[in-house]
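Enquirer: Okay, here's what each chain looks like letter by letter:
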Amino acid sequence: MVELRTVTKRYGRTLAVNGVSLQVEEGEFFSLLGPSGCGKTTTLRLVAGFERPDAGEVRIAGERVDALPPERRPIGMVFQSYALFPNMTVFGNVAFPLRLRRLPAEKVRKRVLELLEMVHLAGLEGRYPKELSGGQQQRVALARALAREPRVLLLDEPLSALDAKIREELRGELKRLQRETGLTAIYVTHDQEEALALSDRVAVMREGRLEQVDTPRGIYERPRTLFVARFVGQGALVPGEARGGLFHRDRPWPVRVEGEGRGYLLLRPEALRVSQEGFLEGRVVLATYLGSLVRLEVEAEGLLLRVDLPPEGAPRAGERVRLALPESAPFLKEVKEEA
Amino acid sequence: MKGRGTGLLLALPGLLLLAGVVGLPLLYALYLSLTDYTFLKPSAAFQGLGRYLDALQDPYFRHALALTGVYVGLTVGLTLALGLLLAVLLHQRLPFRGLHYLAVSLPMLIAPVGVGLIWKMILHPELGILAYLFGGRDFLGDARYALLTLALVDVWQQTSFAALVLLAGLRSLPKEPLEAAYVDGATPWQAFWRVTFPLLLPVLGVLLILQVVAEVRTYDLVYVLTRGGPGTATDLVSFYIYRKAFLGLDLSGASAMGYFLLLATLALTALYYRGLTRA
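If you read the protein sequences in the order shown, they are chains A and B. The numbering of the first sequence is this note's numbering, which starts it at 38 and goes up by one. The numbering of the second sequence is this note's numbering, which starts it at 266 and goes up by one.
Each hint should be verified, as a subset may be incorrect.
[Claimed, not checked] Straight-line C-alpha distance at most 25 Å; calculated SDA-like pairs for lysine to any residue:
{"id": "1", "chain 1": "A", "residue 1": "K167", "chain 2": "B", "residue 2": "Q312"}
{"id": "2", "chain 1": "A", "residue 1": "K144", "chain 2": "B", "residue 2": "Q455"}
{"id": "3", "chain 1": "B", "residue 1": "K440", "chain 2": "A", "residue 2": "D91"}
{"id": "4", "chain 1": "A", "residue 1": "K167", "chain 2": "B", "residue 2": "L282"}
{"id": "5", "chain 1": "B", "residue 1": "K440", "chain 2": "A", "residue 2": "A104"}
{"id": "6", "chain 1": "B", "residue 1": "K440", "chain 2": "A", "residue 2": "S118"}
{"id": "7", "chain 1": "B", "residue 1": "K306", "chain 2": "A", "residue 2": "K167"}
{"id": "8", "chain 1": "B", "residue 1": "K440", "chain 2": "A", "residue 2": "K147"}
{"id": "9", "chain 1": "B", "residue 1": "K385", "chain 2": "A", "residue 2": "E336"}
{"id": "10", "chain 1": "B", "residue 1": "K440", "chain 2": "A", "residue 2": "D200"}
{"id": "11", "chain 1": "B", "residue 1": "K440", "chain 2": "A", "residue 2": "L137"}
{"id": "12", "chain 1": "B", "residue 1": "K440", "chain 2": "A", "residue 2": "K144"}
{"id": "13", "chain 1": "A", "residue 1": "K167", "chain 2": "B", "residue 2": "R436"}
{"id": "14", "chain 1": "A", "residue 1": "K167", "chain 2": "B", "residue 2": "W458"}
{"id": "15", "chain 1": "A", "residue 1": "K167", "chain 2": "B", "residue 2": "L359"}
{"id": "16", "chain 1": "B", "residue 1": "K440", "chain 2": "A", "residue 2": "P123"}
{"id": "17", "chain 1": "B", "residue 1": "K440", "chain 2": "A", "residue 2": "R89"}
{"id": "18", "chain 1": "A", "residue 1": "K147", "chain 2": "B", "residue 2": "Q455"}
{"id": "19", "chain 1": "B", "residue 1": "K440", "chain 2": "A", "residue 2": "R185"}
{"id": "20", "chain 1": "B", "residue 1": "K440", "chain 2": "A", "residue 2": "G328"}
{"id": "21", "chain 1": "A", "residue 1": "K167", "chain 2": "B", "residue 2": "L438"}
{"id": "22", "chain 1": "A", "residue 1": "K167", "chain 2": "B", "residue 2": "P467"}
{"id": "23", "chain 1": "B", "residue 1": "K440", "chain 2": "A", "residue 2": "T126"}
{"id": "24", "chain 1": "B", "residue 1": "K440", "chain 2": "A", "residue 2": "G172"}
{"id": "25", "chain 1": "B", "residue 1": "K440", "chain 2": "A", "residue 2": "M125"}
{"id": "26", "chain 1": "A", "residue 1": "K167", "chain 2": "B", "residue 2": "G470"}
{"id": "27", "chain 1": "A", "residue 1": "K167", "chain 2": "B", "residue 2": "L345"}
{"id": "28", "chain 1": "B", "residue 1": "K440", "chain 2": "A", "residue 2": "E108"}
No lab work stands behind these hints: they were computed from the structure.
Hey, can you work out the whole structure from these sequences and the hints?
Expert: Written out as structure tokens, the structure reads:
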């Protein structure tokens, strides 16, 4: 549905997007994830048409669109700052794209009420944006973006201005709406949890390039680069060597790994267990209660490892424990530029 | 409380100076407006509101007020329209942007008397380039064109200020609503009128009041270009009050008229502050 072919965008001497190629399938929820300045928003703006690529092609539904202005692309967009028109009511905002198409008033009215129903804002059509909460404003923005019946919905960090509870609630709604409408969605976020929870596939970006494009599970469980391993999820990166299918530090560890040579073993907190027969011996330096679990920080063989455990019977700070390692874990080869 | 007292103490020298420079003349003018003082009859007698009633019945004063109304409408309307147009143009990605800014700012940097003198030469019926281009027409000497010509000279100077204020307004607007409008299918024209213009209205409102206050007080251009003439064709209220006081020597009558003007300006200034707090 959306395709980028070696797209490059520069701002002066800064290379914001560096030869990015990706393909988003029809009906897919696709996230661009990365830290600030990684090029994810620029990539989205290239799809929207607010920016023109210096090189490469942008295609939507097979048609090359990189020379088309935003109003001629089959897209809807939701912004971080809601971008509602303050001089218009909720009804006026949602009706805006429909009125531009000069639809009959009755048809506009019917469609607006239908959309407001869909985003649970029925009855608020007479209010102005300033009379709504942040969550309600973002729902209006979503309804407005859907009004034009776009083929692709672009979402630029739409939840990051909201507080945690509303964010979680709206996240579920977004997913539901996308499923119900069957829209293709491209979602920009720096929040890994959001990306993993919402997406069918995630592209992790760094310095204008794609580091990895994969399913949320693939990104989390099989990161291909040290950057992805560090950026997504918690975990310790243990330096060592892969040899004969096993990880070696100063001795062989009972952890199967793929590849050969020097690199890092990724140990996620939930992959480690406290066990009498554990391979590593260490001391709990910090135990943090997080409600549904307790996160331990264990010092073992000069490493600081995080372990997530159920709260019942979890060791306390200062106790000595033995840690059982997973049977296999991701092994990431050392890359010079990432040192 | 201590902080407030210190603040007041620090502001006191300035306030005293202001009271001396602005307050005393105002009080003196108020006193004069309540008497029948003229330069020919300095032994003033108390008249109550008599001079104010005289002012309202003075057909020349009423003519000056009406003329000022037309002048203000013309200059402010044109200034805002042209200022908006220039601001929108300057808001685009233009080559040599600094040069454009300089060109637009220049008229604002010249004193109104200087502007008057420059245009007096341009409009001179024998030496001026415009008179040459228009077959020797005397724009300032012909009652049919004098007010309009005066207004256009004023607009030439005021537009630069309006353009810069509106440009600052445009620059400060969030760009997302505009981008949202484009994504929703709006053309640049539709996006401007339906999104940018309404967002710019608070700035336009403040500018409108500022311009009206400035134009109601127009004096220097009239003095340099037409002296209120030909006849009374450009006899704007500020200039008429000046003539009443220093040519007619009727200081008490001019003071009463001056107070009418002051009250009108104060009312507009109050509106301006209200607009400012809303903006």
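Enquirer: What are the numbers of the hints the structure violates, in ascending order?
Expert: Violated hints: 1, 4, 7, 8, 9, 12, 15, 20 and 27; rest satisfied.
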